[in-house]
Amino acid sequence: MSGLDERLMLGELLARHGQLIDSGQLREWMALFAGKCSYRIVPRDNHDRGFPVTLLQCDNRAQLQDRVISLLEANKYNVHTERHIIGTPIVLGRSAGVIRIEASFLVMQADAEGVGSVFAFGRYLDEVVSEAGEMRFRSKIAIVDNFEVPRAISTPI
Amino acid sequence: MDHVAWERNDYSRIPYRLFHDPAVYALEQQRIFRGAVWNYLCLEAEIPNPGDFRTTWLGETPVLISRGIKGEVFACENRCAHRGALVRREAGGNDSSHTCIYHRWNYHLNGDLRGIPFQRGIRDQGGMSGDFDKSCHGLAKLRVATYRGVVFGSLSDRAEPLELYLGKLITEHLDMVMQRPIEILGYQRQRIMGNWKMYNENLRDTYHASLLHEFLVTFGLDRATQRGGVEMDERHRHNITYTYMGTDSDAEAAELYGQQNLRADRLTLGDTSMLRYHKEFGDGRSMATSSVFPNVAFARFNNTMATRQIQPKGPDAFVLVWTCFGYVDDDPELRAHRLNQMNLLGPGGYVSMEDSEAIEIVHRATRSAFDKNAVVEVGGRGPIVDCPFRVTDVPVRGFWSYYAEVMGLEPQGAVR
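As they're listed, the protein sequences go chains H and U. Going by the numbering used here, 39 is the number at position 39 of the first sequence; the sequence numbering is gapless. If you want the numbering used here, it's the 1-based position in the second sequence plus 1000.
One or more hints might be untrue.
[What the hints assert, rightly or not] Distance condition first, Cα-Cα at most 25 angstroms in a straight line; then the derived DMTMM-like pairs of lysine to aspartate or glutamate:
(1) H:76 x U:1357
(2) U:1313 x H:45
(3) U:1313 x U:1077
(4) H:36 x U:1271
(5) H:76 x U:1255
(6) U:1279 x U:1330
(7) H:76 x H:113
(8) U:1313 x U:1360
(9) H:76 x U:1360
(10) U:1372 x U:1405
(11) H:36 x U:1333
(12) U:1313 x H:145
(13) H:76 x U:1271
[Unchecked claim] Each pair of labels, with its calculated beta carbon distance range:
(14) U:1408 x H:15: 54 to 62 angstroms
(15) U:1227 x H:72: 26 to 34 angstroms
(16) U:1026 x H:23: 44 to 52 angstroms
(17) U:1050 x H:35: 48 to 56 angstroms
(18) H:2 x U:1208: 52 to 60 angstroms
(19) U:1171 x H:23: 46 to 54 angstroms
(20) H:117 x U:1250: 39 to 47 angstroms
(21) U:1060 x H:132: 53 to 61 angstroms
(22) H:71 x U:1091: 29 to 37 angstroms
(23) U:1249 x H:60: 26 to 34 angstroms
(24) U:1093 x H:117: 25 to 33 angstroms
(25) U:1085 x H:132: 54 to 62 angstroms
(26) H:132 x U:1175: 51 to 59 angstroms
(27) H:50 x U:1097: 25 to 33 angstroms
Hints are computed from structural coordinates only; laboratory data are not their basis. From the three backbone atoms N, C-alpha and C, an ideal C-beta is built for every residue, glycine too.
Looking at chain H on its own, in the form it has when it is part of the complex:
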């Protein structure tokens, strides 16, 4: 794969991540993760100060699925839609088939009456692998700069 192709595929993976969440296709969103995977949302102050507490953590695929099913089937939370704006990823490094990338994100929310607000912004620190010819997240961490969460976190960032 050329460097250019790789960049395009990484950008595509991140764009699909945003698009599947924003369109409410969370089951399909899970398919962007590798068989062995983790997903975390981390407040920036904990990250910077070395504290391990997250806002949400799924350490394996079963936990990721449990989150998604509970959100879709059981949890009650604010009625909203969201919109991800994700920046161009940069490659931080690579080793043994794993590409480490960073990309900025901005997530806006609109409520049931169409009132919009900034929900979260920060950066992804992701590990991407290739599975069956497709790029997949092995690890995805959303580090939230505005770590005073407005309302609550329900939908993934």
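Put chain U on the given structure of chain H with help from the hints.
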């Protein structure tokens, strides 16, 4: 603001006005947060070393907490005695003194004024007059008291000694939660668009837990069919809600919830590790959450532990700060389990995300209802008493009875 039209003297009706009226909010700052109560400030484990400091809020008042050279804990209003700027802008740090950036007035860790730049002016011109007494211009000091490593502050000389204020109910709860040296695991913060008192109510309302939180019911973490209940101190200002996991059966719960057209068996988890409970407290309770008037909860939920500090931000919002901790001697496996189980709680918690939504929809819908009342009579009317059962919101009435007393707004013949 000197009168509330209570419909009942047992607080089984709560005027919605109390959540929204700016005059009520202003009075709360004066009579509650600056009044004869003890407010939670932080944990000693957050400022272990001399010179360590943290900033926080007591009601709307900015507060600076410092660890002195001899290990003392000081708390002052974080407001420069000169022109009123925040002296410390950071969340925390370590320093030998505190300096305001505006005109570099410098304070000792205990808040006393230490130095003023150009106090004598330059070349005998300007500066402070000769009779300026630095000892009269320190940071305003709070009374500070600690119990089991929990730091409380009071802005009133009239607050009774801390241990009497907390009472046996809360000191015994803290004896258990803070039984060994703790390790701070991190923080979670969220801004909920509702009145701060609604969070106190939420903590005291066990009726909602198994109705709003389907997750708790489905997985048997906290069901109204389990043995559990609510306890209050004698003045009903504090509350503990407790549960014993495993004291009902899934079949019994399915039947009793089923009669209410509620399903208790809709979901299954692919990974149940989050639900495990390692018994680690002597009382056998799997969950015990206290609500301490006016601004904190000390919660142990299975193996997660956190303080939840309420910081009111006007009548229409409050910030909830979760300080999550484990014990210093936790083995790596237990530490990992606590972190995993924290998925239940906090701003993104399977359970807690629903409390914020419940509070916000009450706040939104009652803004226009100054003349209407909430109905609080699940579990009984009249006397405010402990309940060895779960279908109750009696402690909510307890909260309001103490609130009304402190605010000087009790109805005629008020139940206490």
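Now for the hints, and whether the structure bears them out:
1. H:76 x U:1357: 7 angstroms, holds
2. U:1313 x H:45: Within the cut-off at roughly 21 angstroms; holds.
3. U:1313 x U:1077: 17 angstroms, holds
4. H:36 x U:1271: 14 angstroms, holds
5. H:76 x U:1255: 23 angstroms, holds
6. U:1279 x U:1330: Holds, because 13 angstroms separates the two Cα atoms, which is no more than 25 angstroms.
7. H:76 x H:113: 18 angstroms, holds
8. U:1313 x U:1360: 14 angstroms, holds
9. H:76 x U:1360: 12 angstroms, holds
10. U:1372 x U:1405: 21 angstroms, holds
11. H:36 x U:1333: 20 angstroms, holds
12. U:1313 x H:145: 21 angstroms, holds
13. H:76 x U:1271: Within the cut-off at roughly 21 angstroms; holds.
14. U:1408 x H:15: 54 to 62 angstroms: 59 angstroms, holds
15. U:1227 x H:72: 26 to 34 angstroms: Holds, since residue 1227 (chain U) and residue 72 (chain H) (Cβ atoms, about 33 angstroms apart) stay within the stated range.
16. U:1026 x H:23: 44 to 52 angstroms: 46 angstroms, holds
17. U:1050 x H:35: 48 to 56 angstroms: Given about 51 angstroms between the Cβ atoms, the range holds.
18. H:2 x U:1208: 52 to 60 angstroms: The hint (52 to 60 angstroms, Cβ to Cβ) holds, given that residue 2 (chain H) and residue 1208 (chain U) are roughly 57 angstroms apart.
19. U:1171 x H:23: 46 to 54 angstroms: Given about 53 angstroms between the Cβ atoms, the range holds.
20. H:117 x U:1250: 39 to 47 angstroms: 41 angstroms, holds
21. U:1060 x H:132: 53 to 61 angstroms: Between residue 1060 (chain U) and residue 132 (chain H), where Cβ atoms are some 57 angstroms apart, the hint holds.
22. H:71 x U:1091: 29 to 37 angstroms: 31 angstroms, holds
23. U:1249 x H:60: 26 to 34 angstroms: 30 angstroms, holds
24. U:1093 x H:117: 25 to 33 angstroms: 31 angstroms, holds
25. U:1085 x H:132: 54 to 62 angstroms: 60 angstroms, holds
26. H:132 x U:1175: 51 to 59 angstroms: Check passed, 56 angstroms falls within 51 to 59 angstroms.
27. H:50 x U:1097: 25 to 33 angstroms: 26 angstroms, holds
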